[in-house]
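**Q** Take these sequences, add in the hints, and give me the full structure.
Protein chains in written order, with this note's numbering: chain A, 251 to 475; chain B, 20 to 415.
Misleading hints may appear alongside valid ones.
To be verified - Mimicking DSBU-like on lysine-lysine, the simulated pairs with C-alpha atoms at most 35 Å apart in a straight line are: (1) B:Lys34 - A:Lys383; (2) B:Lys196 - B:Lys117; (3) B:Lys117 - A:Lys350.
Claimed, not checked - Covered by chain B, per the in silico footprint, the following chain A stretches (three or more residues, Cβ under 8 Å): (4) 333-344; (5) 349-363; (6) 406-417.
Said to hold, decoys possible - Below, a sample of chain A positions facing chain B; criterion: calculated Cβ distance under 10 Å: (7) Gly307; (8) Asp310; (9) Gly372; (10) Trp376.
Hints were generated in silico from the structure; no laboratory data involved. Source: prediction; values computed, not measured. Quick reminder that beta carbons are idealized off the backbone N, C-alpha and C, glycines included.
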Amino acid sequence: MTKDILISAKDLRKTYRRGSEEVRAVDGVSLDIKAGEMTAIIGPSGSGKTTLLNMLGCLDNPTSGTLRVGGELVFGGHRELPEGELTLVRRRFYGYVFQKFYLVPTLTVLENIMLPGTFYRGEGGWNPREVMKLLGIDRREDHLPGELSGGEMQRVAIARALINGPKVLLADEPTGNLDSRRSEEIKEILKGLVSRGVAVLMVTHNLELAKAADRVLEIRDGRMH
Amino acid sequence: MTVYSIAYKNLLRKKTRTALTAGGIMLSAWVLATLLGFNKGYQQGLNRDIDNMGFQVLLTAKGCPYEAATLMLKGGTGLRYMDESILKDVYKYPEVDKITPMLMHGVFDPDKGESGAIAAYLGVDPATFPAMKPYLEFKQGAWFTDDEAYEAVLGYEAAELETREAGDLMLVIGVDKPVKVVGVLKRSGTQDDGTIFMPLGAVREMFGRKGKLTGLGIKVKKEADIPAFENKLYDLPDVQVVSMAQVKATIMNLVNSARVIVMGIAGIALIIAMAGVINTVLMSVMERYAEIGILKSMGAMPFDVFRLIWTETAILCGLGGAAGIGLAFVTAGLSEAAVRYFLPYAPNGALIALDPAITGFAFVLITAGGLLSGLYPAWRAARVRPLEAIRIEGEQ
Numbered sequence: 251m252t253k254d255i256l257i258s259a260k261d262l263r264k265t266y267r268r269g270s271e272e273v274r275a276v277d278g279v280s281l282d283i284k285a286g287e288m289t290a291i292i293g294p295s296g297s298g299k300t301t302l303l304n305m306l307g308c309l310d311n312p313t314s315g316t317l318r319v320g321g322e323l324v325f326g327g328h329r330e331l332p333e334g335e336l337t338l339v340r341r342r343f344y345g346y347v348f349q350k351f352y353l354v355p356t357l358t359v360l361e362n363i364m365l366p367g368t369f370y371r372g373e374g375g376w377n378p379r380e381v382m383k384l385l386g387i388d389r390r391e392d393h394l395p396g397e398l399s400g401g402e403m404q405r406v407a408i409a410r411a412l413i414n415g416p417k418v419l420l421a422d423e424p425t426g427n428l429d430s431r432r433s434e435e436i437k438e439i440l441k442g443l444v445s446r447g448v449a450v451l452m453v454t455h456n457l458e459l460a461k462a463a464d465r466v467l468e469i470r471d472g473r474m475h
Numbered sequence: 020m021t022v023y024s025i026a027y028k029n030l031l032r033k034k035t036r037t038a039l040t041a042g043g044i045m046l047s048a049w050v051l052a053t054l055l056g057f058n059k060g061y062q063q064g065l066n067r068d069i070d071n072m073g074f075q076v077l078l079t080a081k082g083c084p085y086e087a088a089t090l091m092l093k094g095g096t097g098l099r100y101m102d103e104s105i106l107k108d109v110y111k112y113p114e115v116d117k118i119t120p121m122l123m124h125g126v127f128d129p130d131k132g133e134s135g136a137i138a139a140y141l142g143v144d145p146a147t148f149p150a151m152k153p154y155l156e157f158k159q160g161a162w163f164t165d166d167e168a169y170e171a172v173l174g175y176e177a178a179e180l181e182t183r184e185a186g187d188l189m190l191v192i193g194v195d196k197p198v199k200v201v202g203v204l205k206r207s208g209t210q211d212d213g214t215i216f217m218p219l220g221a222v223r224e225m226f227g228r229k230g231k232l233t234g235l236g237i238k239v240k241k242e243a244d245i246p247a248f249e250n251k252l253y254d255l256p257d258v259q260v261v262s263m264a265q266v267k268a269t270i271m272n273l274v275n276s277a278r279v280i281v282m283g284i285a286g287i288a289l290i291i292a293m294a295g296v297i298n299t300v301l302m303s304v305m306e307r308y309a310e311i312g313i314l315k316s317m318g319a320m321p322f323d324v325f326r327l328i329w330t331e332t333a334i335l336c337g338l339g340g341a342a343g344i345g346l347a348f349v350t351a352g353l354s355e356a357a358v359r360y361f362l363p364y365a366p367n368g369a370l371i372a373l374d375p376a377i378t379g380f381a382f383v384l385i386t387a388g389g390l391l392s393g394l395y396p397a398w399r400a401a402r403v404r405p406l407e408a409i410r411i412e413g414e415q
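**A** So this is what it looks like as structure tokens:
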């Protein structure tokens with residue numbers, strides 16, 4: 251169903267020049283990301299996973315191909331959105347979670363979660379206390395990041411990504427810094443979000459986490475297999 | 020949660036660095052407020068001192084006008100004398116309202132201070148001098164009874180220095196007969212506080228200066244053209260005309276020359292503080308490069324980031340500036356003592372006049388300077404691209 255497609259990529263390519271050599275980081279990838287679907291991108295290091303995630307998340311421009319987000323052409327043909335407009339697209343559609351949590355050490359858990367809302371409050375955004383409860387960190391509201399475990403910090407980072415009600419959650423190695431128990435917890439949280447209609451697109455080396463996805467896409471040498 | 024609270028908490032991440040930078044701004048604000056306050060206080064004090072002299076023109080024997088002005092303001096000894104017949108000549112001018120003749124005499128007192136000092140006595144005419152100084156009030160006693168009487172009226176500080184009260188006797192070096200203190204003045208905040216007044220006739224007799232004067236204080240009529248009158252006075256032989264307006268202008272010129280140098284130093288202090296602000300805020304931006312990128316990936320527009328960093332700068336400068344102004348108030352007494360120690364002449368009264376206009380101006384200037392310095396770091400932060408931050412994350 252077309253209306254469920256949030257991100258549509260056609261023949262995406264990304265090339266770099268390394269001296270005289272041309273490196274094809276992503277080489278003709280086409281895919282659709284739908285609402286309420288968890289997609290995992292796996293592959294060896296340097297295969298182009300993160301580059302693809304960055305392009306799908308409007309953090310990086312493709313060299314060629316087309317990219318539509320919410321039906322709007324973001325890149326393709328002669329169209330390339332300027333940074334300011336890309337920010338507006340990111341505000342409306344995306345939440346990002348990274349391997350490193352990047353929490354502000356002097357802000358409490360609640361303040362870190364509310365940080366994106368200081369700049370922009372999206373329609374359909376989450377109530378901070380509700381999202382904390384959903385992620386099981388409601389008792390840590392007044393704690394500083396330095397007082398949290400790695401798993402708790404990643405939950406705070408997820409809560410921060412969700413606060414403005416994104417339609418797509420992009421996660422780059424969300425369990426990369428966590429032990430197996432904490433990874434399992436994060437997996438359950440991501441599955442819970444999918445059941446609420448959020449599309450989760452993640453890059454991971456964690457096969458257990460990838461198994462929980464509705465779709466697993468393998469990328470090697472920039473090509474989808 | 021607002022941008023202000025986030026900015027404030029960001030500053031708390033590196034407390035020592037923030038404190039040092041705010042300290043630099045505080046010192047700049049302190050120097051600036053103190054200098055501006057000194058400029059105003061000195062000018063006010065000088066105006067007050069000269070206005071309280073009671074006369075607008077001083078006539079002395081011909082000599083260096085600067086020496087005459089200094090002698091007059093410091094209550095020093097007169098080195099040249101005029102004949103008292105000049106009184107009649109001056110009275111002929113229609114511009115003259117009142118005249119008071121004066122004879123200043125100094126005697127070296129080896130017991131004064133650590134290695135001796137000049138004790139100065141100002142002989143004044145009991146009939147005219149008190150009328151020219153209506154603001155002088157007595158703490159004890161009253162003016163002299165007779166122009167020839169061996170009596171003295173002590174200024175407030177002179178009485179403290181001589182440890183004398185009304186009714187006490189005091190000895191004058193080289194004079195056999197004791198002098199009776201008949202009055203002690205209340206503090207007036209002028210050079211009169213340090214003066215020993217005696218009847219003109221008695222001073223002449225004590226020091227063998229019969230018929231001599233060191234100065235004539237002339238009060239001119241309200242409608243008189245003072246500069247034109249001063250020019251006319253030069254028709255008199257061997258006199259020096261000291262205009263109070265000229266004295267004021269001359270001293271202010273000297274002070275202004277010194278002020279330019281000191282303001283230059285204050286300017287350098289401001290530039291150093293601004294460099295400190297740029298360094299601190301830029302370093303803070305570089306340290307949070309990835310974090311700023313993440314903020315932008317979460318929907319912060321370049322202006323949002325610019326505002327956040329600039330707000331941090333504003334808080335830093337505002338706190339430092341306010342602390343500097345506070346410090347200027349707290350140390351005003353100390354600064355005044357230092358200024359009095361180094362300046363050859365300082366008027367009476369408060370020398371550092373800190374008022375809302377001066378402190379407000381200093382605060383605004385310092386804060387504006389700081390905000391100007393914060394423009395570049397804030398602009399750098401606003402230009403951070405999210406992807407760069409993520410790449411840095413990947414490389415670390």
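**Q** None of the hints should be skipped; say for each whether it holds.
**A** Each hint, compared with the structure:
1. For the hint pairing Lys34 (chain B) with Lys383 (chain A), the CA-to-CA distance comes to about 33 Å; that is within 35 Å, so the pair holds.
2. With a CA separation close to 33 Å, the supplied pair Lys196 (chain B) and Lys117 (chain B) stays within the 35 Å bound.
3. Distance restraint check for Lys117 (chain B) and Lys350 (chain A): the Cα-Cα separation of roughly 89 Å exceeds the 35 Å cut-off, and the hinted pair is therefore not satisfied.
4. Remark: the stretch 333-344 of chain A is confirmed as covered by chain B, as 6 of its residues place a Cβ nearer than 8 Å to a Cβ of that chain, reaching the required three.
5. Check result for the stretch 349-363 of chain A against chain B: holds, 8 residues qualifying (beta carbon to beta carbon below 8 Å, three or more required).
6. Interface restraint, the stretch 406-417 of chain A with chain B: holds (3 residues with C-beta to C-beta distance below 8 Å; minimum three).
7. Proximity of Gly307 (chain A) to chain B holds as hinted, the smallest CB-CB distance being about 8 Å (cut-off 10 Å).
8. Satisfaction of the interface hint for Asp310 (chain A) is found here, the shortest Cβ-Cβ separation to chain B being roughly 5 Å, below the 10 Å cut-off.
9. Annotation: interface hint on Gly372 (chain A) holds; nearest CB of chain B at approximately 8 Å, less than 10 Å.
10. Here the hint on Trp376 (chain A) is broken, as its CB sits about 14 Å from the closest CB of chain B, past 10 Å.
Going through the hint list in order, the structure does not satisfy hints 3, 10.
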